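Protein chains: 2
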Amino acid sequence: MTKINIGLIGYGTVGSGVVKFLSNRKSFIKNKFNTEFTIRTLCDLKLPKKNTRGLGRTRLTKKVQDVLDDPKIDIVIELIGGLHPAKEIVVKALNQGKHVITANKALIANSGKELFRMAKKQNCHLYFESSVGAGTPIIKTITEGIVGNKFNSIYGIINGTCNFILSEMTQRNYSVAQALTEAQKKGFAESNPTLDINGMDSVHKLAILVYLTFGKFIDVNDIYREGITHISHDDIEHATSLGLSIKLLAIAKKEDKNIEVRVHPTLISKNHPLASINSIYNAVYMNTDPLGSVLLSGEGAGQMAAASGVISDLINFASRGNNSALPCNRYSEASGLKIKKIDQIKTKFYIRFMVTDKPGILSVITGILGKHGIGINSVTQKAHNPTSTVPVIMLTDYTSEKMLRLALNKIHKLPVVKSKPVAIRMEKLW
Amino acid sequence: MTKINIGLIGYGTVGSGVVKFLSNRKSFIKNKFNTEFTIRTLCDLKLPKKNTRGLGRTRLTKKVQDVLDDPKIDIVIELIGGLHPAKEIVVKALNQGKHVITANKALIANSGKELFRMAKKQNCHLYFESSVGAGTPIIKTITEGIVGNKFNSIYGIINGTCNFILSEMTQRNYSVAQALTEAQKKGFAESNPTLDINGMDSVHKLAILVYLTFGKFIDVNDIYREGITHISHDDIEHATSLGLSIKLLAIAKKEDKNIEVRVHPTLISKNHPLASINSIYNAVYMNTDPLGSVLLSGEGAGQMAAASGVISDLINFASRGNNSALPCNRYSEASGLKIKKIDQIKTKFYIRFMVTDKPGILSVITGILGKHGIGINSVTQKAHNPTSTVPVIMLTDYTSEKMLRLALNKIHKLPVVKSKPVAIRMEKLW
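Residue numbers (the numbering used here), protein chains in the order written: chain A, 1 to 430; chain B, 431 to 860.
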């Protein structure tokens with residue numbers, strides 16, 4: 001029987017999920033993996049009021065040093081989140097020769113390079129499966145499951161809150177605000193959901209995926225970011241009638257030495273499998289060579305989903321032993337990769353103009369688009385009403401961001417255009 | 431630099447794909463994994479006419495003993511397929527203390543239990559990622575990615591040929607025969623596709639998945655099997671109009687100590703992600719506890735897709751070393767599991783009757799169904815034509831196979847029912 005002593009730092013939602021999971025599956029893990037996990041010490045500034053199930057003999061402490069200095073602790077699970085003091089704790093744990101499991105996306109996105117080097121030097125493992133997609137094994141799939149393949153592109157739905165909001169807006173005619181309230185009621189959004197709906201959470205996770213697939217740690221500030229607050233139910237409805245679904249996608253593409261990295265609301269064909277990934281589910285869709293397209297989806301948030309990733313890391317640590325380097329910690333920087341500026345990127349666009357319904361207007365608008373080299377694939381004007389403004393929807397061909405922005409600014413200034421034109425990027429995923 | 435010597439047995443489509451992959455990614459593997467793979471010996475009854483790229487210094491032989499007896503060979507890749515002599519070769523390799531990679535689903539489905547025991551005894555690893563879903567890492571996801579979870583059910587599209595045929599039938603109004611011809615033209619079906627379209631290939635793969643998820647090796651003959659040859663384009667069209675998609679699903683469910691295991695054409699909601707998995711793509715959709723639903727999809731056949739799984743196995747072997755037990759080789763039989771007979775299983779059904787279009791017929795048919803305890807959720811009769819037969823489509827509530835069969839036999843004998851009633855099972859996957 002292998003015995004592994006755990007130091008658990010952070011007893012919030014995920015931490016208590018880990019305790020519950022280990023307690024529920026104790027005999028299964030013993031029988032199948034011949035391994036016994038013991039939470040030797042639990043460190044949290046707010047200690048649990050009573051010893052809950054699974055914490056019988058666990059030492060409770062508020063001092064992180066009680067975990068880090070204990071030579072009997074084999075592996076530290078860091079679940080406090082945020083960059084500090086999580087980083088200092090992980091650094092000290094590795095320096096003490098302890099293996100580490102973390103679910104901390106900000107930590108890996110910002111300091112992964114440094115931490116993996118330190119882990120290697122110390123002959124330790126740093127596991128982080130739950131940092132992207134919670135227990136859905138995205139990290140393992142990329143670093144072990146399809147290892148050896150080249151990665152050409154990744155499209156990720158990696159924020160459950162946003163996916164829930166956009167799904168509710170599509171299915172229930174909600175506004176962003178209404179859907180957010182619903183998400184909070186159901187426990188699918190934080191009381192302060194800013195980092196989720198402004199796309200920052202997806203940016204952190206995309207940075208991790210870019211390192212794992214393209215071999216480059218990028219500054220999170222170099223990832224173009226647009227959240228979902230400006231998405232209106234009207235646009236979702238127009239897009240649906242054109243066979244399109246809206247998702248907050250985290251996108252990374254590589255062509256030769258150029259990579260593009262961006263997070264923004266995106267319209268995709270409703271026939272693509274990603275369009276069926278709704279509610280709090282996360283998914284990544286990757287184009288690889290030579291394997292082709294791979295899709296992985298599962299719950300991307302929630303207590304037990306996140307705990308599940310931590311447990312997989314624990315069992316994998318136990319079954320791997322510490323003799324060999326952990327695949328997801330191997331890092332060799334791909335040389336010469338350049339990040340494209342958003343202005344250089346070409347995509348197709350959905351555009352909505354609110355215009356006074358007069359003959360000749362389409363000709364003026366398409367004329368301005370044409371002068372900026374923007375081709376139009378379709379134009380739809382559903383309503384006609386000479387006394388009010390009506391929406392005109394256009395789908396463009398591939399066009400550069402820069403030219404589109406210039407053209408939309410000009411069109412916005414036309415007296416017949418009554419509000420700021422709406423532009424949403426489209427992606428063809430096949 | 432870790433140096434690993436390979437003995438490759440079988441130089442067909444997948445074998446030559448492996449050689450090509452290793453040659454193309456040689457420097458990537460060297461740089462990232464500090465590992466050099468050398469195909470030391472290639473054994474095939476039909477030797478390659480010339481030394482192709484990647485086979486420069488490889489010893490070519492027709493004698494399998496040249497691989498098995500060579501102490502310098504670390505790992506044997508078996509790619510000849512079929513049960514014999516593949517089994518004898520793998521047994522001998524393990525007995526010589528060599529690690530083994532195989533893509534052989536029949537071998538693992540029929541002899542996995544024995545081979546895993548032998549691997550354990552010999553302190554060797556037996557990798558088989560490509561045996562299910564080719565390079566799509568289904569085995570690794572189950573045994574490492576979401577390890578620790580309980581598995582409640584699996585729904586797999588695990589035969590690319592059948593999925594291609596059903597997709598073509600749906601999208602192009604083809605018959606099974608026309609779609610099969612198309613599949614053969616495109617290289618997506620064998621010249622003898624019997625084992626694919628009669629469901630046997632899916633049965634083998636399902637047996638492997640059942641062992642990995644429920645912990646029981648079952649006799650492949652205990653898996654209920656129905657192929658796709660009786661599916662007509664008419665039924666696909668009727669089902670589509672009811673919001674349903676048809677897939678050949680491999681299904682395993684567990685409730686307490688009872689498991690059901692079956693492979694048959696299945697109607698599912700077109701809104702479910704599995705419904706968007708078309709053409710030669712494979713997918714598994716698993717309900718787990720506590721993680722919830724997980725979907726994994728990718729190309730399930732083809733030279734490079736299968737080679738990709740073998741390469742992942744190779745790199746994982748190199749990075750794991752042979753110090754620790756391989757998770758997918760761990761086997762502890764779950765006690766007391768019983769396989770339900772197909773007669774005991776309850777599902778919903780799509781039924782089509784071809785009847786003479788006379789008033790009162792629905793009442794007779796629904797009367798017989800009612801007497802057998804079969805509830806009807808919807809009845810559709812689209813065409814009315816008193817001079818010819820017309821289709822009547824019914825969707826039933828949950829009903830036992832046995833009662834349905836009895837009822838359909840009775841209905842078939844009615845003079846107004848002009849051909850054998852068609853029944854296709856439906857599954858609610860959410």
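Don't take each hint at face value.
In silico DMTMM-like links for lysine to aspartate or glutamate, alpha-carbon gap of 20 Å or less [said to hold, decoys possible]:
hint, chain 1, residue 1, chain 2, residue 2
1, A, K30, B, E466
2, A, K32, B, E466
3, A, K26, B, D686
4, B, K580, A, D289
5, B, K450, A, E237
6, B, K550, B, D686
7, A, K150, B, E466
8, A, K26, B, E466
The hints are simulated quantities; they were obtained by calculation from the structure and are not laboratory data.
Bear in mind that the values here come from a model prediction, so they are computed numbers and not experimental data.
Verification of the supplied hints:
1. With a CA separation close to 37 Å, the supplied pair K30/A and E466/B exceeds the 20 Å bound.
2. Distance check on the hinted pair: K32/A and E466/B sit about 33 Å apart at the alpha-carbon level, beyond 20 Å; violated.
3. Of the pairs offered as hints, the one joining K26/A and D686/B holds, with about 18 Å between alpha carbons and a cut-off of 20 Å not exceeded.
4. A C-alpha spacing of about 33 Å is found between K580/B and D289/A, which places the hinted pair above 20 Å, so the restraint is violated.
5. Taken as a hint, the K450/B and E237/A pair is broken in the structure, with Cα atoms around 48 Å apart against an allowance of 20 Å.
6. At most 20 Å may separate the alpha-carbon atoms for a hinted pair to count; K550/B and D686/B exceed this at roughly 29 Å.
7. Between K150/A and E466/B, the direct Cα distance comes to roughly 18 Å. Compliance with the 20 Å bound is thereby established for this hinted pair.
8. In summary, the hint linking K26/A to E466/B is not supported, as the alpha carbons are separated by about 40 Å, beyond the 20 Å threshold.
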